[in-house]
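Q: Listed here are the chains, written in short residue letters.
Protein chains: 2
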Amino acid sequence: MENWFSKEGPEQDVVISSRIRLARNFKDFSFPSLADKNAQQKVVDLAVKGALESGIENMTYVSMKDLPDIEKEYLVETHVISQDLKKSKLNSGIIVGDSSVSVMVNEEDHLRIQSVLPGLQLDKAYEECLKYERASVLQQNYAFTYEFGYLTACPTNTGTGLRASAMVHVPALVISGKINSVLDSCGKLGIAVRGMYGENSGSGAHMLQISNQVTLGQSEQEIIASMEDIIKQICVLERRARTALLESKGIYFTDRIYRALGTLKSARIMDSKEGLSLLSEVKMGLDLGILKGASTEELVTVLTNVQPACLQKMEGRVLSPEERDQERAKVLRESVKNIE
Amino acid sequence: MENWFSKEGPEQDVVISSRIRLARNFKDFSFPSLADKNAQQKVVDLAVKGALESGIENMTYVSMKDLPDIEKEYLVETHVISQDLKKSKLNSGIIVGDSSVSVMVNEEDHLRIQSVLPGLQLDKAYEECLKYERASVLQQNYAFTYEFGYLTACPTNTGTGLRASAMVHVPALVISGKINSVLDSCGKLGIAVRGMYGENSGSGAHMLQISNQVTLGQSEQEIIASMEDIIKQICVLERRARTALLESKGIYFTDRIYRALGTLKSARIMDSKEGLSLLSEVKMGLDLGILKGASTEELVTVLTNVQPACLQKMEGRVLSPEERDQERAKVLRESVKNIE
Numbered sequence: 001m002e003n004w005f006s007k008e009g010p011e012q013d014v015v016i017s018s019r020i021r022l023a024r025n026f027k028d029f030s031f032p033s034l035a036d037k038n039a040q041q042k043v044v045d046l047a048v049k050g051a052l053e054s055g056i057e058n059m060t061y062v063s064m065k066d067l068p069d070i071e072k073e074y075l076v077e078t079h080v081i082s083q084d085l086k087k088s089k090l091n092s093g094i095i096v097g098d099s100s101v102s103v104m105v106n107e108e109d110h111l112r113i114q115s116v117l118p119g120l121q122l123d124k125a126y127e128e129c130l131k132y133e134r135a136s137v138l139q140q141n142y143a144f145t146y147e148f149g150y151l152t153a154c155p156t157n158t159g160t161g162l163r164a165s166a167m168v169h170v171p172a173l174v175i176s177g178k179i180n181s182v183l184d185s186c187g188k189l190g191i192a193v194r195g196m197y198g199e200n201s202g203s204g205a206h207m208l209q210i211s212n213q214v215t216l217g218q219s220e221q222e223i224i225a226s227m228e229d230i231i232k233q234i235c236v237l238e239r240r241a242r243t244a245l246l247e248s249k250g251i252y253f254t255d256r257i258y259r260a261l262g263t264l265k266s267a268r269i270m271d272s273k274e275g276l277s278l279l280s281e282v283k284m285g286l287d288l289g290i291l292k293g294a295s296t297e298e299l300v301t302v303l304t305n306v307q308p309a310c311l312q313k314m315e316g317r318v319l320s321p322e323e324r325d326q327e328r329a330k331v332l333r334e335s336v337k338n339i340e
Numbered sequence: 001m002e003n004w005f006s007k008e009g010p011e012q013d014v015v016i017s018s019r020i021r022l023a024r025n026f027k028d029f030s031f032p033s034l035a036d037k038n039a040q041q042k043v044v045d046l047a048v049k050g051a052l053e054s055g056i057e058n059m060t061y062v063s064m065k066d067l068p069d070i071e072k073e074y075l076v077e078t079h080v081i082s083q084d085l086k087k088s089k090l091n092s093g094i095i096v097g098d099s100s101v102s103v104m105v106n107e108e109d110h111l112r113i114q115s116v117l118p119g120l121q122l123d124k125a126y127e128e129c130l131k132y133e134r135a136s137v138l139q140q141n142y143a144f145t146y147e148f149g150y151l152t153a154c155p156t157n158t159g160t161g162l163r164a165s166a167m168v169h170v171p172a173l174v175i176s177g178k179i180n181s182v183l184d185s186c187g188k189l190g191i192a193v194r195g196m197y198g199e200n201s202g203s204g205a206h207m208l209q210i211s212n213q214v215t216l217g218q219s220e221q222e223i224i225a226s227m228e229d230i231i232k233q234i235c236v237l238e239r240r241a242r243t244a245l246l247e248s249k250g251i252y253f254t255d256r257i258y259r260a261l262g263t264l265k266s267a268r269i270m271d272s273k274e275g276l277s278l279l280s281e282v283k284m285g286l287d288l289g290i291l292k293g294a295s296t297e298e299l300v301t302v303l304t305n306v307q308p309a310c311l312q313k314m315e316g317r318v319l320s321p322e323e324r325d326q327e328r329a330k331v332l333r334e335s336v337k338n339i340e
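In order, the protein sequences belong to chains A and B.
Numbering of the first sequence is given in this note's numbering, commencing with residue 1 and proceeding in unit increments.
Numbering of the second sequence is given in this note's numbering, commencing with residue 1 and proceeding in unit increments.
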């Protein structure tokens with residue numbers, strides 16, 4: 001599967017990634033949590049047939065029960081699967097291939113088709129999802145009514161079944177306190193804002209996930225266009241806040257960025273939260289041209305690589321928390337050594 | 001005048017410098033604060049005669065009123081003159097030459113003869129002071145009684161007029177909290193302990209000035225020998241504490257030292273207190289062999305150079321506090337760039 005985070009994308013100084021998720025269910029089977037073993041297997045079979053028909057190269061189904069824990073954790077960290085799928089006791093799995101598209105099977109819905117792309121590319125990510133979603137073997141079987149649209153296990157997804165979201169990096173809005181009015185506006189527009197890893201996580205890395213709440217009463221194109229508009233506005237506000245910080249705080253702002261870099265270059269032990277937070281400052285320094293020596297996509301790759309399961313996958317073994325923190329410090333030192 | 005801080009000395013991993021000060025007054029004149037202009041001038045004349053007779057090369061008298069403020073501040077920072085002499089309204093000055101000896105004239109006493117040497121060398125510093133103190137033109141005129149010894153403006157200096165002190169760098173005793181029992185013991189032994197710049201200063205740089213309180217009832221040799229003993233014990237305790245920290249905290253301790261170095265290598269603005277505190281950690285790292293690339297005396301030179309007046313003297317002009325903090329960060333980056 002392609003790593004979205006190692007590629008260049010539009011508006012990447014602010015928008016880390018764009019993600020489209022389509023929820024789909026088949027009309028002949030109960031939703032996964034209520035489906036029996038037989039029905040669950042039939043859903044898997046249908047999903048695999050869809051993959052073959054999609055035309056996406058090398059699409060393969062992997063059952064959750066065949067995946068080692070570290071691999072599952074890695075897929076969570078890289079946003080390919082959800083925490084729920086990781087813990088699922090059902091006959092569930094993922095389909096991945098040579099594209100940005102992945103499909104969770106028997107998660108909350110029968111199918112959760114998603115595509116993640118770097119930068120702001122919601123429309124492109126939607127098109128990618130459709131390559132799989134449009135397979136006729138699937139289309140014939142979707143639970144769909146003209147009144148409600150696509151039916152889903154949770155009514156909040158009913159209608160388009162579409163969730164369009166973007167991960168935005170807004171350190172200057174956070175530092176300057178201007179983020180609050182952005183959050184207010186998002187709330188009024190029916191836009192959900194969360195920290196980096198879903199509902200219960202903080203935003204120490206100054207990353208926010210922005211997504212639509214309403215899936216009903218608007219077309220897919222309308223939802224995506226409106227999300228792109230809002231995200232572009234956030235980009236403008238964040239860039240303005242960065243320039244304002246640089247102008248008003250001058251040397252203190254520059255100092256803060258260089259100190260973050262200095263700590264990354266020298267620490268011997270570092271937890272995940274601190275690492276992300278320092279990388280966030282360094283990314284801003286690179287975006288503003290204060291620092292040189294790495295591209296935004298290289299920084300985002302580092303952001304991903306220093307997560308616990310990614311570190312363990314690179315090392316090829318389970319690490320104790322202290323070993324992880326040491327390994328993280330080592331990876332970070334290596335990753336930022338050419339930045340100045 | 002020689003810079004004590006740029007030379008190597010014994011026990012320099014813990015003892016930054018040794019200082020001997022002898023208070024002397026002339027019997028025919030009132031103490032400086034009560035002496036009239038005429039008497040003050042005669043004291044200066046006698047002090048200068050003593051300099052000529054001392055045999056120390058190039059001894060020169062410089063009147064305080066002829067010194068620019070930055071120079072005065074520089075002499076305070078390098079411990080050549082006291083705050084009191086800097087502010088003095090009397091006809092006062094200093095005598096310096098090609099040795100470690102300097103003489104404050106018309107400070108609290110007519111003469112304050114001092115020698116500062118790197119590392120633990122109280123006996124050597126005392127010998128240096130005697131080169132000036134033994135000049136016969138001075139000896140003939142000292143206020144001395146067989147009952148009290150040398151008479152001084154403040155009775156706490158009466159007797160030997162000797163203050164033997166050492167600046168010790170004890171980061172591990174401070175970090176481990178063991179410093180408190182050392183301070184207790186010093187108190188019981190009649191040893192005064194102060195922060196880096198006298199009574200009212202903190203010890204952010206983990207530097208303590210240790211000096212004798214009693215000047216009466218013991219010979220100079222006894223005072224010096226007892227101070228050297230105590231300081232050597234502190235060296236042993238500090239080294240033991242460093243090793244213990246390294247063994248018990250391991251990577252966390254190493255991490256702390258590397259982070260201090262990383263901040264020094266990258267900050268763009270830094271106040272004096274933080275600079276000293278970070279240099280203190282880096283010095284400990286060098287002393288313990290964790291870091292390489294600079295000698296202790298090089299580090300102590302940096303410690304001295306980043307003080308406000310030293311910075312201004314190097315720049316050749318008065319700097320605003322913000323300019324100083326930027327200049328300090330620049331000097332520090334340059335100074336530690338080869339340490340790894």
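Honestly, the hints are just simulated from the structure, not real lab data.
Hints are supplied without guarantee of correctness; some may be wrong.
The list treats identical chains as interchangeable, and a pair is accepted whether it falls inside one copy or across any two copies.
Unchecked claim - Derived BS3-like pairs: lysine-lysine, alpha-carbon spacing no greater than 25 Å straight-line:
hint, residue 1, residue 2
1, Lys232, Lys330
2, Lys337, Lys232
3, Lys178, Lys65
4, Lys292, Lys330
5, Lys337, Lys292
6, Lys330, Lys249
7, Lys87, Lys72
8, Lys7, Lys178
9, Lys337, Lys124
10, Lys337, Lys49
11, Lys188, Lys249
12, Lys86, Lys65
13, Lys131, Lys87
14, Lys89, Lys249
15, Lys292, Lys89
16, Lys42, Lys124
Q: Compare the structure with each hint and give your call.
A: Now the hints, each set against the structure:
Neither within a single protomer nor between protomers do Lys232 and Lys330 lie at most 25 Å apart by alpha-carbon distance, with minima of 36 Å and 39 Å respectively. Neither within a single protomer nor between protomers do Lys337 and Lys232 lie at most 25 Å apart by alpha-carbon distance, with minima of 32 Å and 42 Å respectively. When the C-alpha separation of Lys178 and Lys65 is checked against a cutoff of 25 Å, the pair qualifies neither within a copy, at 45 Å, nor between copies, at 55 Å. In this homomeric assembly, Lys292 and Lys330 come within 25 Å of each other (Cα to Cα) both inside a single copy, at 21 Å, and across copies, at 19 Å.
When the C-alpha separation of Lys337 and Lys292 is checked against a cutoff of 25 Å, the pair qualifies both within a copy, at 11 Å, and between copies, at 19 Å. Taking the closest pair of Cα atoms, Lys330 and Lys249 come within 25 Å of each other only across two copies (18 Å); inside a single copy the shortest separation is 32 Å, beyond that limit. With identical chains, the CA atoms of Lys87 and Lys72 are at most 25 Å apart within one copy only, with a shortest distance of 9 Å there and 71 Å across copies. Proximity of Lys7 and Lys178 under a CA criterion of 25 Å is satisfied in neither setting, with 30 Å inside one chain copy and 53 Å between copies.
In this assembly of identical chains, the alpha carbons of Lys337 and Lys124 never lie at most 25 Å apart, being 34 Å within a copy and 47 Å across copies at closest. Neither within a single protomer nor between protomers do Lys337 and Lys49 lie at most 25 Å apart by alpha-carbon distance, with minima of 47 Å and 61 Å respectively. For a Cα distance limit of 25 Å, the shortest separation of Lys188 from Lys249 qualifies neither inside one copy, at 32 Å, nor across copies, at 51 Å. Proximity of Lys86 and Lys65 under a CA criterion of 25 Å is satisfied intra-copy only: 9 Å inside one chain copy versus 79 Å between copies.
Taking identical chains as interchangeable, the C-alpha atoms of Lys131 and Lys87 are never at most 25 Å apart, the minima being 28 Å within one chain and 83 Å between chains. Neither within a single protomer nor between protomers do Lys89 and Lys249 lie at most 25 Å apart by alpha-carbon distance, with minima of 53 Å and 42 Å respectively. Proximity of Lys292 to Lys89 under the C-alpha cut-off of 25 Å is found in neither arrangement, the shortest distances being 47 Å within a copy and 55 Å between copies. Taking the shortest alpha-carbon separations for Lys42 and Lys124, neither the intra-copy value of 30 Å nor the inter-copy value of 93 Å comes in at or below 25 Å.
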